[in-house]
Amino acid sequence: MLAYFQAFPSLRDTLLLMPELQITLFACFALVLDVILPKEKKRLAARVSLLGVAFSAASIALLVYQYSDSLPQKAFYDMYVLDGFSLFFKALFLLAVALSIGVTIKYLDLEKEQTSEYYSLMLFSIAGMMFLTSSHDLISIYVSLELITLPVYVLVGYFKRIPKSNEASMKYFLLGAFSSGILLYGFSLLYALTGQTNIEAIAQIVPEIIKTGSATYLLLLAIILIAAGVLFKMAAVPFHSWAPDAYEGAPTSTTAFMSVAVKSASYVLLARLFFEALPSAGSVGSVPGWTQLLGVIAAVTMTIGNIAAATQTNLKRLLAYSSISHAGYLLLGAVAGNEVGYTGIAVYLVAYTVMNLGTFGVIISITRHDEGDAASSERNTGEHIKDLNGLVKKSPAIALMMLVFLLSLAGIPPTAGFMGKYLLFAGLIKNGTDWMTKLAVLGVINTVISFYYYSRLIRVMFIADLTEERPLTVGKSLQTVLLISALLTILIGIYPQPVIKISESAIKQFGNISDKASGVVPKLNND
Amino acid sequence: MLKGIEVLFFYLLSLLCIFFSMLTISARNAVHSALFLISTLISVAGLFLLLHAEFVAGVQILVYVGGVLVLFLFVIMLVSSGQTTRRIFTNQFAIGVAVATLLGLSFFAAISQVQATNYFRAREAKQEVVTKNTEKVGLQLYTQAVLPFEIASLVLLVAIVAAVRLARDRKQEKIFN
Numbered sequence: 001m002l003a004y005f006q007a008f009p010s011l012r013d014t015l016l017l018m019p020e021l022q023i024t025l026f027a028c029f030a031l032v033l034d035v036i037l038p039k040e041k042k043r044l045a046a047r048v049s050l051l052g053v054a055f056s057a058a059s060i061a062l063l064v065y066q067y068s069d070s071l072p073q074k075a076f077y078d079m080y081v082l083d084g085f086s087l088f089f090k091a092l093f094l095l096a097v098a099l100s101i102g103v104t105i106k107y108l109d110l111e112k113e114q115t116s117e118y119y120s121l122m123l124f125s126i127a128g129m130m131f132l133t134s135s136h137d138l139i140s141i142y143v144s145l146e147l148i149t150l151p152v153y154v155l156v157g158y159f160k161r162i163p164k165s166n167e168a169s170m171k172y173f174l175l176g177a178f179s180s181g182i183l184l185y186g187f188s189l190l191y192a193l194t195g196q197t198n199i200e201a202i203a204q205i206v207p208e209i210i211k212t213g214s215a216t217y218l219l220l221l222a223i224i225l226i227a228a229g230v231l232f233k234m235a236a237v238p239f240h241s242w243a244p245d246a247y248e249g250a251p252t253s254t255t256a257f258m259s260v261a262v263k264s265a266s267y268v269l270l271a272r273l274f275f276e277a278l279p280s281a282g283s284v285g286s287v288p289g290w291t292q293l294l295g296v297i298a299a300v301t302m303t304i305g306n307i308a309a310a311t312q313t314n315l316k317r318l319l320a321y322s323s324i325s326h327a328g329y330l331l332l333g334a335v336a337g338n339e340v341g342y343t344g345i346a347v348y349l350v351a352y353t354v355m356n357l358g359t360f361g362v363i364i365s366i367t368r369h370d371e372g373d374a375a376s377s378e379r380n381t382g383e384h385i386k387d388l389n390g391l392v393k394k395s396p397a398i399a400l401m402m403l404v405f406l407l408s409l410a411g412i413p414p415t416a417g418f419m420g421k422y423l424l425f426a427g428l429i430k431n432g433t434d435w436m437t438k439l440a441v442l443g444v445i446n447t448v449i450s451f452y453y454y455s456r457l458i459r460v461m462f463i464a465d466l467t468e469e470r471p472l473t474v475g476k477s478l479q480t481v482l483l484i485s486a487l488l489t490i491l492i493g494i495y496p497q498p499v500i501k502i503s504e505s506a507i508k509q510f511g512n513i514s515d516k517a518s519g520v521v522p523k524l525n526n527d
Numbered sequence: 001m002l003k004g005i006e007v008l009f010f011y012l013l014s015l016l017c018i019f020f021s022m023l024t025i026s027a028r029n030a031v032h033s034a035l036f037l038i039s040t041l042i043s044v045a046g047l048f049l050l051l052h053a054e055f056v057a058g059v060q061i062l063v064y065v066g067g068v069l070v071l072f073l074f075v076i077m078l079v080s081s082g083q084t085t086r087r088i089f090t091n092q093f094a095i096g097v098a099v100a101t102l103l104g105l106s107f108f109a110a111i112s113q114v115q116a117t118n119y120f121r122a123r124e125a126k127q128e129v130v131t132k133n134t135e136k137v138g139l140q141l142y143t144q145a146v147l148p149f150e151i152a153s154l155v156l157l158v159a160i161v162a163a164v165r166l167a168r169d170r171k172q173e174k175i176f177n
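Protein chains in written order, with this note's numbering: chain A, 1 to 527; chain B, 1 to 177.
Only chain B is shown next, with the shape it has when bound in the complex (with noise of 0.2 Å):
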């Protein structure tokens, strides 16, 4: 449970996370839009870090906002191509502020009733408190989650195998047949 500033922090982080986020799917132009991604990338590490998952918040500002969100970065400049068409999706604007709304009340719904009936802090009480958070990410990745790993690993020789294939153009197509 959060005490203290902590509770603060909580709350400038998850406010700051839910703006950047408005912002990134409103910003007309691509390049705003990934920067306020990365924006909201290491709010949600901030979060983290809050929970004591250090190596999860360090993993989320590495991978994400240096790797991933960098390449967005160059694939954005790259094909770049000029201005968008303003509102494309007119018609279905009043269809998703339905779907939000509903969603939004059913959320609060659910969680007053968790509220309520204290379900998660009565759970908490009979968790112990978790430490050394990494190397528990170590063991379970080697452990208990080595199938899904592998798995994880044949996805991505997918990935590259489907890039190779999309990507190669028909004169280098010749080439290999």
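Chain A on its own, in the form it takes in the complex (with noise of 0.2 Å):
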């Protein structure tokens, strides 16, 4: 069958367009649904949401076992491109939307508001993620980029009921059209200095435009552009003002879905423009002051982030500000700009999926609302950190998944979360550079203060009294979904090698290899 495909050179390239056009084709299957199902059936989009993405996911399978030899696959005259990269990160979004239908049905239940739009704009919005880690060329990256957020948009307002819903997903609408319009200066910028938009091309004539030094200062506009449009996408500071307010307002399984498939997404173009098209940061023949530029950011990202969400009560917002500390992280790889740093990214974002959709899927299981209080803005929704009390009495299980996912965000060792924190720290100081030390220090400090307000969740779990008497209602589709992220968190903590080695290979593209990321962590088995 395969070799059928292969004759045709049109042919395969659909061929390796699968997984996408899967996610797609279910995405308008369960758009149709959405008229054709009566109210009560409605959780049949659920699952017909979750086929298209086991569909995906063999797809996905497929393509490893056809080309793992044989990588990079180019399509569509040098558009598309099928590499390790992409089809690491491909798989993280199929798990990342997996785990998000399966916290949606319960969270869409709760609102009686069970519509297949919903799971239908999901799928669009991966759609348009699966393409943008493919994308090899500025328009491609730009369209795909579009048709992650355009959903979303739509995701942060899906209540029109509620005005905190509308405003988040105004102020979100408004700030992300103008930051791609920033983007897009940018790459008007560069196309004007490259007469390119392939990633490639563009990718050797800027090491000669550095070397002669005749339009670097415009490269760099060009690049401080890019990035500007980049780090809103990661909410980094000072581009995060917008995330408090999206994340508090949209629905919380949306916030769950923003929070880790798009913030993911914004490393894959950060990736594609920064690792591949333009000279990555820690790279020798590198624009300039941009290292330090990102060194910054990510030390002033991480700090703000920390320092409020230490002075939040309500647990949306604290998990907002504490998700731009995470970027502020995760740029900690891209400014150690070598192997380890690269690695200790994509296994942080492993860790964070599971991780932090684990913490929405505890926030929605205690989320309920007074009937008939729908409509007013100050609604019992359970998202008060005070909601939290007593938690282990009423569901010790649930506490203690709890326990492992707060433990994982805060970098607490047995987790997931420490060995993302380790390499990307590890990378830092693998760079040697004294200022990156300093920040590698920095981070370590930032991480002890996380804990401080990550501590104090697990103690009103623990030990404050019952507020709150109603029993929890957890559906089966809540509790799988917990079951996996707490035995992914732990597991990736425990033995982080296959997770660590599949990483290696979605990175080896970029660039210069000189340290290997499983020569830093250390072997727990012998052989």
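Treat the hints as calculated values from the structure; they're not laboratory data.
Treat the hints with care, as some may be off.
[What the hints assert, rightly or not] Derived DSSO-like pairs: lysine-lysine, alpha-carbon spacing no greater than 30 Å straight-line:
#, chain 1, residue 1, chain 2, residue 2
1, A, K171, A, K386
2, A, K394, A, K476
3, A, K386, A, K164
4, A, K74, B, K136
5, A, K112, A, K476
6, B, K136, B, K126
7, A, K39, A, K112
8, B, K126, A, K211
9, A, K74, B, K126
[As the list claims (entries may be wrong)] A partial selection of chain B residues facing chain A, derived with a Cβ cut-off under 7 Å:
#, residue
10, S106
11, Q113
12, T117
13, Y119
14, Q144
15, I151
16, V155
17, R165
C-beta: ideal position from N, C-alpha, C; glycine also.
Can you join these two chains into the complex? Each is in its own frame, and there are hints to help.
Structure below.
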């Protein structure tokens, strides 16, 4: 069958697109289901969406099996590239959306607004992300980016009856559109400088510009504008101000989806543009000042995110600030600019996906609405820290899983979060520059600050008295999501070698390979 | 490279473009703002014509001026909510000026460096002169750019779904559910 397709180049191209095509098809299918299904059967759309994710995952497995020795594969006039990096992130996005769908089923039930459009929009956004991972051209990068964010604007404002949700959507939309404009302006300058839109072609011309020094200022300006667009998407300081409002106002399931999938997508964007097209921050031929600028942004993002999170009482807002600080940690990998740092970004994104979705899953499990109170802005939603009070007495299992997620977010050893942070800091130290070592120390200090507010949550969960007597209603889907997330969080923490190995093969295409990440991680088993 | 009278037209159109875009953002009345935006876009279309990009210039006028802006005007007139409050963003004015000045200065520095090293002139000399622009656009759209073209159609589909979702009211929702 596969050999038959390979005889025709255009069919081979389409075959490479299979994961994206399947997600798109199932997104359209879920959209149509919304009209067909009666109200009480709408949950079927979630199952159909999960089926689409499964199909897409299967075709990714098939592509890995078929092409693992002959990567990268290029298609559509070099617009599309299938390499280790894109396969890795496609799989990560599918994991993120599968867990998000599980969380969403329960949340839409709670809100009594079980509609298929939600799943459909989520799948469209994921299709955009998958296109983005394989985009090898400024044009397709930009168009995929629009496909990612447009559905998310709607998902943020999905509950029209809640004013806060509308406000969040409006803020996110206006700032998002503005930042896309800035990004596009940077792209246009880059095109003017190089005369190319293809990433690979740009990567060949840019070093010449730096070497001759003929247009370095304009190049730096293009880099800064592109970086502003990318940093906005990942909510790094000073482009973070939208994140707390958008995260707090959005439906909790959307917040969960945004905070993992859209955030990971922004790092894919960073990798394609800054590790591949433009000289990466740590490399020798880098534009003067760029590495230092990125380092300052990472430091400020970590610190401001953590300090602001420490004073929050709303759980979603707290996690929004914590996600800003995590954006800062992830940027450290880009500052280091070596293999260890890049692997750290990939591993940390996997860890962040499972632990953050798990945390939001727990928040949804304690969410409840008082009857007839849905329209008022002050709803009893279980979004306040005190709603976690005495959770261990109600459900020891969920409290325990929350403990795992929070410890992982704080970066305490036998969890996935620790592994990711370890690699990110190790990358900086490996780079050896004096200020980078100091930056790693600042990162560790930040971890301590973050432990302060995560431990506050742990304290109320285990020590405080019950304030909410009604029992938890955890659905089957949510239970599964929590269980999978908790298991993965612990598993990656205890036995990280497989994930690190896959991450290494995913990022090995980005430039000068000097230090293997697996050399930094102490081997736990002897073989 | 522009020669003779083209240079005059370039400066004229550029100045008009800058002038109208400043009016667009400073106009207090939304209808005026939209009308100034039309003028800005027409000046940009003129700039495209100077670059011999006739097709893009035509599309610019047809799509933006003829389609998008007319819709803008309709929407403004339908949802017009009277006088807007003066100076909502007063405390951000200073920051705005600072950022704009900084950006302007850095562009000045960047462009003067490019001028001094003749970067673009040297590149221009190497490239062949592009003719038959429209044909080239068509070819590109269905060969090189076919994938982004298809993704863009997905974006449009999502935009329709989004618009329907956000625009329909609760009464209409009850019919569907």
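Evaluated hints:
In summary, the hint linking K171 (chain A) to K386 (chain A) is supported, as the alpha carbons are separated by about 28 Å, within the 30 Å threshold. Between the alpha carbons of K394 (chain A) and K476 (chain A) the distance comes to roughly 17 Å, so the proposed pair stays at or under 30 Å and holds. For the hint pairing K386 (chain A) with K164 (chain A), the CA-to-CA distance comes to about 21 Å; that is within 30 Å, so the pair holds. Of the pairs offered as hints, the one joining K74 (chain A) and K136 (chain B) holds, with about 23 Å between alpha carbons and a cut-off of 30 Å not exceeded.
A threshold of 30 Å between alpha carbons decides the hint, and for K112 (chain A) with K476 (chain A) the separation of about 17 Å falls inside it, so the pair holds. A threshold of 30 Å between alpha carbons decides the hint, and for K136 (chain B) with K126 (chain B) the separation of about 19 Å falls inside it, so the pair holds. Among the hinted pairs, K39 (chain A) with K112 (chain A) is consistent with the structure: their alpha-carbon atoms are about 10 Å apart, no more than 30 Å. At most 30 Å may separate the alpha-carbon atoms for a hinted pair to count; K126 (chain B) and K211 (chain A) meet this at roughly 19 Å.
Our distance criterion of 30 Å between C-alpha atoms is met by K74 (chain A) and K126 (chain B), whose separation comes to about 28 Å. Contact between S106 (chain B) and chain A, as hinted, is supported at the beta carbon level, the nearest pair being about 6 Å apart and thus within 7 Å. The restraint placing Q113 (chain B) at the interface with chain A holds, with a minimum CB-CB distance near 5 Å, inside the 7 Å limit. Using the Cβ-Cβ criterion of 7 Å, the hint placing T117 (chain B) at the interface with chain A is satisfied: the shortest such distance is roughly 4 Å.
Contact between Y119 (chain B) and chain A, as hinted, is supported at the beta carbon level, the nearest pair being about 4 Å apart and thus within 7 Å. A distance limit of 7 Å between C-beta atoms decides the matter here; for Q144 (chain B) the minimum to chain A is near 5 Å, and the interface restraint holds. Residue-level restraint check for I151 (chain B) holds (minimum Cβ-Cβ distance to chain A is 5 Å; threshold 7 Å). At its closest, the beta carbon of V155 (chain B) sits 5 Å from a beta carbon of chain A; the interface hint therefore holds under the 7 Å criterion.
The interface hint given for R165 (chain B) holds, since its Cβ lies 6 Å from the closest Cβ of chain A, which is under the 7 Å cut-off.
No hint from the list above goes unmet by this structure.
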